[in-house]
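Got chain A sorted already, so can you dock chain B onto it with the hints?
Chains A and B, in that order, give the protein sequences.
Going by the working numbering, the first sequence opens with residue 1, and the numbers climb by one from there.
Going by the working numbering, the second sequence opens with residue 1, and the numbers climb by one from there.
Please note that the accuracy of each hint is not assured.
Remember, identical chains collapse to one label, so a pair may be satisfied in a single copy or spanning two.
Listed next, the in silico BS3-like pairs over lysine-lysine satisfying Cα-Cα at most 30 Å (straight line) [as the list claims (entries may be wrong)]:
hint	residue 1	residue 2
1	270	251
2	284	6
3	136	270
4	27	212
These are calculated hints, taken from the structure and not from any lab test.
Protein chains: 2
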Amino acid sequence: MISVEKALETVLNSSQKFGVEEIPFLKSVGRILKEEIRADRDFPPFNRVSMDGIVIDYNQFKNGQRSFKVAGIQAAGSEQISLKNIENCIEVMTGAVLPNNANTVIRYEDVTIENGFATINVDELNDGQNVHDKGKDGKVGDLLIAENTIISGAEIGVLATVGKSIVKVAKQPKVMIVSTGDELVGVEEVPLEHQIRRSNVFTLVSLLERLKISSETAHITDDKPVLKSKIESYLEQYDVLLFSGAVSKGKYDFLPEVFDELGVEKLFHKVAQRPGKPFWFGRKASFSMSEQDAFQNEKRQTIVFGFPGNPISTFVNCLAYFYPWYYKSLDLKVEEETAILADDVTFKPNLDYFLQVKLSYRFGHLIAAPITGNGSGDLASLVNADAFIQLPSDKVGFKKGEVFPIIRYR
Amino acid sequence: MISVEKALETVLNSSQKFGVEEIPFLKSVGRILKEEIRADRDFPPFNRVSMDGIVIDYNQFKNGQRSFKVAGIQAAGSEQISLKNIENCIEVMTGAVLPNNANTVIRYEDVTIENGFATINVDELNDGQNVHDKGKDGKVGDLLIAENTIISGAEIGVLATVGKSIVKVAKQPKVMIVSTGDELVGVEEVPLEHQIRRSNVFTLVSLLERLKISSETAHITDDKPVLKSKIESYLEQYDVLLFSGAVSKGKYDFLPEVFDELGVEKLFHKVAQRPGKPFWFGRKASFSMSEQDAFQNEKRQTIVFGFPGNPISTFVNCLAYFYPWYYKSLDLKVEEETAILADDVTFKPNLDYFLQVKLSYRFGHLIAAPITGNGSGDLASLVNADAFIQLPSDKVGFKKGEVFPIIRYR
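Just chain A, same shape as in the assembly (with noise of 0.2 Å):
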């Protein structure tokens, strides 16, 4: 049995990369950039008007001039005219580039039009006034968004405006999510007495779906040899397969067996925490021989994360250890969160306990209240709960007002 964190190493050691795809930029949302993205243009790439208004010569309302002439209008979108008699004004619209040989905007709400002359009337003016000048925010060639990020609605924006139609994307791991156990029915089935319906395959579905993995499901009866050659099938055909059960000591727990039969290696089962202890870990390296890559006969590896079969411990482990295998291999800095424990806690196994809690902020703090007991059991438990918080093996007793990591899912 290994800690958590010697736990966590190991799979963070077993990221990979899955390459790099196009795709159309409103597709893009929640997908990791594989390219930076620098501005094509100066932002504004104009000398643009920043109000609804007149345009002038400063210098003419300096020298007193108040009244002007209104000899044009520059509307967003058309071309730059010219104030051609700097003792005339032009209407200018927010978004419009700003006339040849005018230089501030007075807004209307300053200015009366009456007979085609505007009359300003304030006393002050500033020179250059709501004009946004060409390159302010940024020039041509600066970086807007760094390779790496995850693309929310703000990137999506800069993207437009770059005009990056097509976008490039990490690549998604193609994954293999497995049920296995005789008691587990459909969910449109009613089982009998002494069955259960499949669960874990669809939380982990949903969970995969976070991160915008599409992954496909199957479940296997818990016969070796059916087990055996369906495993070594996907084991050609995916990049990560996640199990859901028979990795205990259970007579009929034939993954281990059937992992190390097919050449899996084992880099660690069972992991000093509750829930999710039977956690088996490994991976295959293996040659493709897909068509895409059989010329260049690419080496590859599949990564198999045997969960235990409770639903608790397939969800803390997925967020636990998939999560983090996957931000690693697609090169995304995530931010530990952390929390502060609203009862006092105690947990005497020498396990890491990850705890339901449910989050709220107060005055800026991040409060875990834990969510325990009272009959309610696993599954109300999770519903209830936002998050797990991290309490550390080598304490008992954990104090109100403690902060500890937090993993979210919600």
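Chain B alone, transformed into the frame defined by chain A:
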């Protein structure tokens, strides 16, 4: 001009229901549950073995018996068998039904099995140990997930367990996102000197995608008759129209008058905030004549959000007004988040200031560092931040360490 508080109240008062639809449970992540989910059986549904090992009658152990003939195997997923002779034992697997006449499970680690006999190697057992009693986690009929819960991976597992392969969720509003402005060209186009690319509609599409709303987009030129005829048809077809631009004082800012002419009731125009001040908000009540409800002639309304065209204005107003309107409409309670200001901020105008901030966690404290100036301007500042912090209009100086509400966008 009205206050942010009053504007938000007005927006929330225009919330509405969109009904309920039934969808496959695996598609329901991020949607809002519109039924109560109750346990269809006890949990566990039977006295469930929770360790791999053997099961005995505790009284035999208490009376000194240590060696038990292995009389059978109770696998997970098999019908319950019986311990016919209480001097024997049965091998049992995690997840199996507890055999009849037996009550206490000893894990394999504490047993030696040789020649068909299991010898117990420990001196103490608890009566009934390693059995998870029927109904301990919940009773048939117990409420597992409340109505109006947002569905995450945790809920997916529960839905699967209770056999809800089809689940009732809130229908989403039908949303059309419209950009206006003759200076705008498509993302794939190379803008002329005086043009820029459309970006706000795509930002809005992404922000709505976060809420699992699929929206449609359109661009209309700054031509009043065209605007009027298109908007008239959108008012018939959609629950919500989001506009970006053309709500200020410009000569081609036709939207307010078009809305007026089309009978859209203005609820407010201009909010005391920066950015996002020229925000126009209204609604049009109408009778739906669509086929599916032609018979009931149901009263419906279309809500119109006219966001200012500046990218950050559109962005922050979508988060500050559309999001809460959506949550209220679908009866989702969302907790307000607060963060601690990392630097002093001075802001003189008598406006609520939505300031972009970068969030970080320090010892359970959520710290908000303002992202300002340095010439990086609008685009970069949205990318470099995670949230807006809302600084109220009634103060000028905001001190490091003070706590204010935040709106996250990652």
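Outcome of the hint check:
When the C-alpha separation of residue 270 and residue 251 is checked against a cutoff of 30 Å, the pair qualifies only within one copy, where the shortest distance is 17 Å, while the shortest distance between copies is 71 Å. Taking identical chains as interchangeable, the C-alpha atoms of residue 284 and residue 6 lie at most 30 Å apart only when both belong to the same chain, with a minimum of 20 Å there against 61 Å between chains. In the homo-oligomer, the alpha carbons of residue 136 and residue 270 lie at most 30 Å apart only across protomers (27 Å), although the nearest pairing inside one protomer, at 57 Å, exceeds that limit. Proximity of residue 27 and residue 212 under a CA criterion of 30 Å is satisfied in both settings, with 10 Å inside one chain copy and 13 Å between copies.
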